[in-house]
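So the protein lines, in turn, are chains A and B.
Oh and the first sequence: position 47 is 47 in the working numbering, straight run, nothing missing.
Counting from 1 along the second sequence, just add 1000 to a position and that's the residue number in the working numbering.
Keep in mind that the hints were calculated from the coordinates and are not lab data.
Each hint should be verified, as a subset may be incorrect.
In silico negatives: residues of chain B with every beta carbon more than 12 Å from chain A [to be verified]:
no., residue
1, Leu1047
2, Leu1049
3, His1073
4, Trp1095
5, Ser1099
6, Gly1195
7, Leu1295
8, Lys1313
9, Gly1345
10, Glu1346
11, Asp1492
12, Arg1537
Mimicking SDA-like on lysine to any residue, the simulated pairs with C-alpha atoms at most 20 Å apart in a straight line are [stated by the list, open to error]:
no., chain 1, residue 1, chain 2, residue 2
13, B, Lys1080, A, Leu90
14, B, Lys1478, A, Thr10
15, B, Lys1477, A, Glu25
16, B, Lys1080, A, Ala94
17, B, Lys1080, A, Glu31
18, B, Lys1080, A, Asp62
19, B, Lys1080, A, Asp64
20, B, Lys1275, B, Glu1346
21, B, Lys1330, B, Phe1293
22, B, Lys1478, B, Ala1398
23, B, Lys1477, A, Ile61
24, B, Lys1080, A, Leu60
25, B, Lys1080, A, Gln93
26, B, Lys1477, A, Arg8
27, B, Lys1477, A, Arg74
28, B, Lys1165, B, Lys1478
29, B, Lys1478, A, Ala88
30, B, Lys1478, A, Gln93
31, B, Lys1478, A, Arg78
32, B, Lys1080, A, Asp89
33, B, Lys1080, A, Arg74
34, B, Lys1477, A, Gln93
35, B, Lys1275, B, Lys1330
36, B, Lys1477, A, Arg78
37, B, Lys1477, A, Gln71
38, B, Lys1365, B, Asp1353
39, B, Lys1365, B, Ala1316
40, B, Lys1478, A, Ala45
Even glycine gets a Cβ: it sits at the ideal position worked out from N, Cα and C.
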Amino acid sequence: MKILTANRLTDGEAVWLAADHSWVETIDAAEIARDKPAEERLEQAGRAAALRNEVIDVNLIDVDVRDGAIQPLRLRERIRAAGPTNRADLGKQARPGIASAA
Amino acid sequence: MYRYDEFDHAFVAARVAEFRDQVERRLAGEITEDQFRPLRLMNGVYLQLHAYMLRVAIPYGTLSSRQMRMLAHVARTYDKGYGHFTTRQNIQYNWPALSDMPAILDDLAKVEMHAIQTSGNCIRNVTADHFAGAAADEVADPRPYAEILRQWSSVHPEFSYLPRKFKIAVTGAERDRAAIQVHDIGLHLKRNEAGALGFAVYVGGGQGRTPMIAKKIRDFLPEQDLLAYTTAILRVYNLHGRRDNKYKARIKILVHETGTEELTAWVETEFAALKNTELKLPEADIRAIESYFALPDLSPRPEGWASLAAARKADAGFDAWVRRNVIDHKHPDYACVTISLKGIGEVPGDATDVQMDAVADIAEKYAFDEIRVSHEQNLILPHVARADLKAIYDSLNAIGFATANAGLVTDIIACPGLDYCALANARSIPVAQQISRRFASQERQEEIGDLKIKISGCINACGHHHVGHIGILGVEKKGAELYQITLGGSGDEHTSIGEIVGRGFGPEEITDAIETVVETYLAQRTNREETFLQAYRRLGTAPFKEALYGSEARAA
């Protein structure tokens, strides 16, 4: 399973592509691609968004769904989705309802 | 301190205006990311995991209180209330928006600061001994030469597109506190038998994936030849350095592949052609730059000797702080203070806006308005009267900056690692924090004595692990963090690259492993005077391997 992530051009905020092809600031609303054609649709949407200068550094990343929550496989992506592991007051995890990466 | 002249002001202002235009065009979609990326990097703007990062240059690590207050202002206004002092004497902000960058650079320019050449394949911020101009053991202040190199290298047309980045470090004392032998060029300022100033020149040192100790290619280069000789080295590198492979593009690889003798001959040939050109530094110009770095007016303060002795007797915490964080100054009534940014369990190198403002106030009140950033991620007050040490200690204590651990096991260098950095493979900061908490006891730390632990979260080695007495390198193995230990590295005048001791340890095991290494040292040292590094050099890796891996090590 994969989702598409990027950083917003204006402020660098980590964002994920949602089903309506908007970019969302938390990973829970990301659209999951479960097969190759779905991955390609995500990538195409990512390329188009980069061309429109909405986002930079667009990447497909591997995820699992555990207890109904999207969980990136790599620690790097879990940290992007949550914030620095040494400061719970920084990054997404500072918002209500967002878990820390480690 | 160096003050911008009219040219410097105009130069930085023009550069900010240019970058403002580039940012605006990028945000308007007029230029692509591929076009913009090299432009933003030339202005110190990276993209990290959570946001952009801005790296601001602190030339040779020297700051005034006014500049420190501006760094606090940037942290408060455009970031999340803190900054991170780095191993290259710079500061990084981890959360600024791209749209705010021109305003930040405008603010920095007001206090003669910028972010030019803090990234990219150019000559980076020239670093220097953080006790420069103050330390009792110094021959001369190396910063005037660092400033001359800064002026010469800023947007140098010939050297703005080098094969790879290029780092120069300068020291003015026999005891190397600037790690010059692990820089592309290391300069050791000294006097010859006739009393003239000049440099021993080292070339081709560096850390990263291929650590190399620099080779000395000149024992004494007269000071007036500094730019001609540096140009000769850069010209040889620019022409012959590899551009086909990023990982083999640093000058250390060129020196290694060419051989020191041949490379030296190339440099000397270039130098012969450049020696008597406009690159020869006029004596008057050197002395003019030097005058900016003159010692402040240090009036006699002999009362400090008695008051200090009494205060130390009355306060054990203060006594420990003086023992560890205060060194001798050129003037006997004065001292140099290390402000530890390594409080127990804290993030190495981080300071909040409130702490930065407080340090600025302390420096203004007690330290002739001068602050330094060390490559070991601490701050320095280079000129303070011994009589004022207790007041300074009390003020630092109030902001959590009076930890008495300079040079001890908890004075750890750590790169930002995977918590922030897009290049990292593993986290560094939490490992530093765990080790710091494990060795929190002041008594135990002092029993262990001088011990430098340095942690990098990837092979690029921003955390200088190769020259840590104990180095820790974080890697990613099968999706998990793994930490390799190296032993016996050193970044001083007897530079050595640490040796990998064996298989790596997981995040839950690494602190225990470090403790095992330290306990092995304590058990094996001949006496308290034998430091970790000395003991390691006598013993080799065997006893440490045995302690860490036991029968596994014997079987191997």
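Hints, one by one, checked against the model:
| no. | hint | result |
| --- | --- | --- |
| 1 | Leu1047 | violated, 6 Å |
| 2 | Leu1049 | violated, 5 Å |
| 3 | His1073 | holds, 19 Å |
| 4 | Trp1095 | violated, 8 Å |
| 5 | Ser1099 | violated, 5 Å |
| 6 | Gly1195 | holds, 51 Å |
| 7 | Leu1295 | holds, 40 Å |
| 8 | Lys1313 | holds, 38 Å |
| 9 | Gly1345 | violated, 10 Å |
| 10 | Glu1346 | violated, 10 Å |
| 11 | Asp1492 | holds, 30 Å |
| 12 | Arg1537 | holds, 34 Å |
| 13 | Lys1080/B to Leu90/A | holds, 8 Å |
| 14 | Lys1478/B to Thr10/A | violated, 34 Å |
| 15 | Lys1477/B to Glu25/A | violated, 29 Å |
| 16 | Lys1080/B to Ala94/A | holds, 12 Å |
| 17 | Lys1080/B to Glu31/A | violated, 30 Å |
| 18 | Lys1080/B to Asp62/A | violated, 30 Å |
| 19 | Lys1080/B to Asp64/A | violated, 31 Å |
| 20 | Lys1275/B to Glu1346/B | violated, 50 Å |
| 21 | Lys1330/B to Phe1293/B | holds, 14 Å |
| 22 | Lys1478/B to Ala1398/B | violated, 45 Å |
| 23 | Lys1477/B to Ile61/A | holds, 18 Å |
| 24 | Lys1080/B to Leu60/A | violated, 29 Å |
| 25 | Lys1080/B to Gln93/A | holds, 14 Å |
| 26 | Lys1477/B to Arg8/A | violated, 30 Å |
| 27 | Lys1477/B to Arg74/A | holds, 11 Å |
| 28 | Lys1165/B to Lys1478/B | violated, 31 Å |
| 29 | Lys1478/B to Ala88/A | violated, 26 Å |
| 30 | Lys1478/B to Gln93/A | violated, 26 Å |
| 31 | Lys1478/B to Arg78/A | holds, 16 Å |
| 32 | Lys1080/B to Asp89/A | holds, 10 Å |
| 33 | Lys1080/B to Arg74/A | violated, 26 Å |
| 34 | Lys1477/B to Gln93/A | violated, 26 Å |
| 35 | Lys1275/B to Lys1330/B | violated, 34 Å |
| 36 | Lys1477/B to Arg78/A | holds, 16 Å |
| 37 | Lys1477/B to Gln71/A | holds, 19 Å |
| 38 | Lys1365/B to Asp1353/B | holds, 18 Å |
| 39 | Lys1365/B to Ala1316/B | violated, 25 Å |
| 40 | Lys1478/B to Ala45/A | violated, 30 Å |
Violated hints, listed in ascending order, are 1, 2, 4, 5, 9, 10, 14, 15, 17, 18, 19, 20, 22, 24, 26, 28, 29, 30, 33, 34, 35, 39 and 40; each of the other numbered hints is respected by the structure.
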